[in-house]
Structures are given as C-alpha cells and as structure tokens.
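Fit chain B to the known structure of chain A by using the hints.
Residue numbers (this note's numbering), protein chains in the order written: chain A, 1 to 309; chain B, 1 to 309.
Hints are not guaranteed to be accurate.
It does not matter which identical chain is used: a pair holds within one copy or between any two.
[Unchecked claim] In silico lysine-lysine, DSBU-like type, Cα no more than 30 angstroms apart, as pairs: (1) K200 to K31; (2) K298 to K82; (3) K133 to K200; (4) K298 to K76; (5) K200 to K94; (6) K102 to K76; (7) K215 to K200; (8) K82 to K102; (9) K31 to K118; (10) K208 to K31; (11) K298 to K133; (12) K31 to K102; (13) K118 to K71; (14) K102 to K71; (15) K31 to K71; (16) K298 to K74; (17) K102 to K208; (18) K102 to K118; (19) K215 to K299; (20) K82 to K31.
Think of the hints as simulated: they come from the structure by calculation, not from any bench.
All values reported here derive from a predicted model rather than from experimental measurement.
2 protein chains.
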Amino acid sequence: MSDPLPSWNDGPAKQAIISFVTETVTRGGPKYVEQEERIATFDQDGTLWVEQPTYAQVMFTFHQLGVMAAKDPKLKDVEPFKTVLSGDSAAIAKLGVPELLKVVALTHSGTTVEVFQKTAHEWLTSAQHPHFKRLYTDLVYQPMLEVMHYVRANGYKTFIVTGGGQDFVRTYAERVYGVPRDQVVGSAGGITFGYDEGGKAILTKDPKLLWVDDKTGKPVDIHLMIGRRPVMAFGNADGDQAMLEYAQGGEGARFMLLVHHDDATREYAYGPESTLSPFSEALMARAHQGGWMVVSMKKDWRRIFAWQS
Amino acid sequence: MSDPLPSWNDGPAKQAIISFVTETVTRGGPKYVEQEERIATFDQDGTLWVEQPTYAQVMFTFHQLGVMAAKDPKLKDVEPFKTVLSGDSAAIAKLGVPELLKVVALTHSGTTVEVFQKTAHEWLTSAQHPHFKRLYTDLVYQPMLEVMHYVRANGYKTFIVTGGGQDFVRTYAERVYGVPRDQVVGSAGGITFGYDEGGKAILTKDPKLLWVDDKTGKPVDIHLMIGRRPVMAFGNADGDQAMLEYAQGGEGARFMLLVHHDDATREYAYGPESTLSPFSEALMARAHQGGWMVVSMKKDWRRIFAWQS
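Bound conformation, chain A alone (with noise of 0.2 angstroms):
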C-alpha cells in the first residue's frame, strides 16, 4: 500500500493519525466510528496555509480598501480607512480589532454575493505573499492536504471552521482544499434579500456582522452549521482550543492535532507572543493534558509547500 502521506516524516505524529483512521474504519474493532459520524474540522489560517506576517483576508481587505479609496477619495479622511491607507505599518498594527472590522464591513458589503466571490476570487488569482512572492493558495501545508484526502479516502467529511469570513474561504476552498463551500464554516457578515432591475432575486452583503466563529463560537457554529460533533479537529492556536474540547467531549475514538509553528526556516516560528494565533502556554498544557498530537513543522513535516522538494 502507498504511504498516504509523504511529505510527513516517519514519527508519532504520522503514526497516530494512520492508527486513529485505521482503526475508526475498521469495522468491529473496538474503535469502529459509523461513518455518518466522521466528521473531521479543520482552522483554516496557520492550520492549512500560511498566516504570517498577517492573514491573506486582511491584505485583501486592505487592497480593496485602495480600490474604494481610488473611487471614493473622502475615505481617505475619515478613521480607520485614513491609518490604513497611509501604509504606515507601526500605525496599522496598532488598530484594535474594533477598528479592523470596520474596515472588513466597509470593503465586504454594498454588493452582491456573486461580486463579492468575483473580487475575491480576482484578488486571489494574482496577489502575492510579501514574503514568499507567490499566491495565497500556493502556501498551503501539503502535509495538511495529504491528511484531508486520506481522511476523506476513509469516509471523512472534511470541513473547514475559520475565523475568516466564509464567504472569504468559500472562494477558493473548493478548488484548493477540495472543501465544497457548504462544508465552509466561518465568520459571517449579514445578507439581503430582495431584486435586481430586471427583478432578478438577488442576496447582497450588509455591513453588519452576524458571527465571529473563533474560540468558543467554533463549537457553537459547529453546532448550527454541522449538527454534530467532530471526531477529528485540527487547529493550531488558542481560538481552535474549544472546537478541540467539543470534539474529545464525544463518545468513543477521538483525535485532536494542533499545528505548532517552530521552523523559522521553512516557515515562521510563533508561539504565545503572536498576535494573530497565540499558542499559549496554557494550550501546549492543556493539550499534554488531553493527550492532543502537538506537531512540529519543523521535525514532523518533511517538506511544508507541495513546490518545495
């Protein structure tokens, strides 16, 4: 039989998750899961693709910032959008969270669904990471990729639940991540229903946002969105540490992985000082704890991007 995943180096990690599917899929065994009940999640930023030096959907913000701007020349008056379009990154980095999302709800709303993808998707298709001068959906993990097609060779649903904005992620996951955009769980902004000219039903983004699916609220949407409880979960910071807990809460064979990022070379190395995905010290306990596979990009990965040899 082919190793399912190559690009990971022989060690606990590639073992656990080869017995864990192994054994869920093995029917009679002692952890047989039905497969109704395979439900693997999965963070998206820093889980499946590169989150440093900010998340792919923040520049994207920031660029069609520009292009409104370009339009619209008082935005460039007026607070956040001023700071933001200065390009002053000391100034930038210390807008509070507040002020960043509206900056999301000016640049994510005013059009229709199909605009939104559109922009998005064009957006995607071109720009390129400040570090590695390649697209966004060129830094996904391979190793991540090679555990989504096994587990989904196994019977797995695959689903991603972000902190990014679904409709965001639902752009490329399809194509990407062979994650089909109904299995994209994320944050959400309003939508409206109503008709186009030629009196066409047409939804268009609102301003408003509905949900922030981090930290607990990834359980919780889990819920509204999945209706059941993950037997896999995949994260790599403190905003995945309660869609980890809700999956070990089940009943019967569990797996829960954190991505730690530790190879500088490769990669970045964060930890708990990050501001974008902290990995505390209270979750590296709290996984020892659990008996949660913590990787490390650095050992456990034999090559992190499918260009690299």
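Relative to chain A, chain B alone:
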C-alpha cells in the same frame, strides 16, 4: 432503463423532472450543469411530508410541555402554557406566533444538544398522526423521496430548507430522507458552550431564537449555510416563494416546483385559506409567470405514501 419515478403518473410534471435532470447532466449539452453547482433544496412540511392538521414539531412541542408540566405543575398557571395544557383546541388555535414561540423556547431549551436529539427521537419513534394513525416518519411523500433519490443519483446534493427547527429535523433527516445533518437548514435557537461536571465540553440549547428559516430567510440561510444558489428548488407554500425566486435568479438551467395539496381523499386539500402554509392566489400567479411546475397531488401522484398500493 427502469423508471426513476414510479410513484408519479405519466404527465408533464414527471416528464419535466426527468428532462431537466437528464439535460443538466448531459456533458456538452446546452443545459449542462457542473457537478459542484448541482444543489437541490427542498422545503419539508407540506413538501416532503404531511403538515396537516398541524406541524409534527408543534405536536412534539405540546407533548413536551405536558411532560414538563407533570414535573413542574406551576406551568399550568402561566400563559400561554395554561392554554396549551388545557387541551382546548379552539383556544389553542387562537394563540399567536409569539405565544407559540414561547412554548417552543421553553420545550426546546435547557438541555444539551444530545439530550434534545434523544428526546425528539423518542417522540418521533412513538407518536402517531391523529388521522393516519401512523408515525410521522411514515407520512413522507413517496414521489418526493423518489425525486430526492433520482437527483442524488445524478450528482445533485440535496438539502432540506425548512421553517422547522433544524435540531428537530436533523434527528430523522438522515434515516428518512437520506439527507445528512449538515445538509439540513432550518430555524435555530441559541447554543451555549460549557463544561459538564466531569469537565467535558458540552453545548446547551438556549431559549433565544436565532433565526426563522422562512420566506426571505430561506435564501439568506441558503447563502449562509450552503453558499450557492440552488439549481432546483421545491416548495409548497407562500413561505417558499423567495427560495424559488432565488433559485430562478441564477444563470443557466433552473427548475422550480410547487406541490399543490388538492387531494382531500388520500391526503388533504388546502390552499390560500390554510393557516399553516397558505398557497395564495398570488403564489399561483407567480408560478405561472415564472414557468414553475405546479404539481397536483391528485393527478400527478400515483401514490402518496410508500405503504399505499
């Protein structure tokens, strides 16, 4: 080739379904639809199963109130519970939606999501319909089940989009319709994350109503939960109009169908006068204007239930 819709009489409705599905899966044909776009949405009450004399979930709600009042007799002194517990059908019929939602909030909260599932499952596997004297799950329309199987066999992903509570419908959707829990979109109440006494992560149902999946809420929730315009949409009442309009508003081949309850002998006959699911004259006019297929249960369905010859 065997008949995919044996419970349908030959006629324009059956022919339209078969032609549409055949054409949309014929690669290279003018109506071809890519597999990932093949989304079919089905209303539930009155479209997939019997909704008269009242919704199954309302019967469940009233039953649960009785169970709760047996433990907590003070409920019998508080409106609107007092009226419901009196069993006075004339008085109950006069209760407004806000009063009924109070009963739903009380009976659908205060437990973990798993306990609620178990409670609903037990009721559904024992309660009988007052007229047919059968389980509600035996009152599924066999012709619609055949449509669901037929479109799925042709690569369509089937979703239920119901005004009913999604936690309730998910209890049986997989077993009865072959629709997995994550493909059930419905009304929803709040969910709170927490820990049980042993420290295990749990989700508890709140009395707060999050959204009602009816009328323009249906296309909005389709976007939030599915993320794609349906290519086929099936309903039976005014509450489904926006969903069918949303399906029709997309590009390429589209199929919209309304079930019309005109069979007083084998099921029920009702239309604009129904307090549950009115099929107004305006909806009939909209269907004709849009070229939507209106199915006569009396003429188009050879049998209505699987247990009928």
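Exercise for the section: Against the earlier hints, flag every one the structure doesn't satisfy and list their numbers going up. Expected result: 2, 3, 4, 5, 10, 12, 15, 16 and 20
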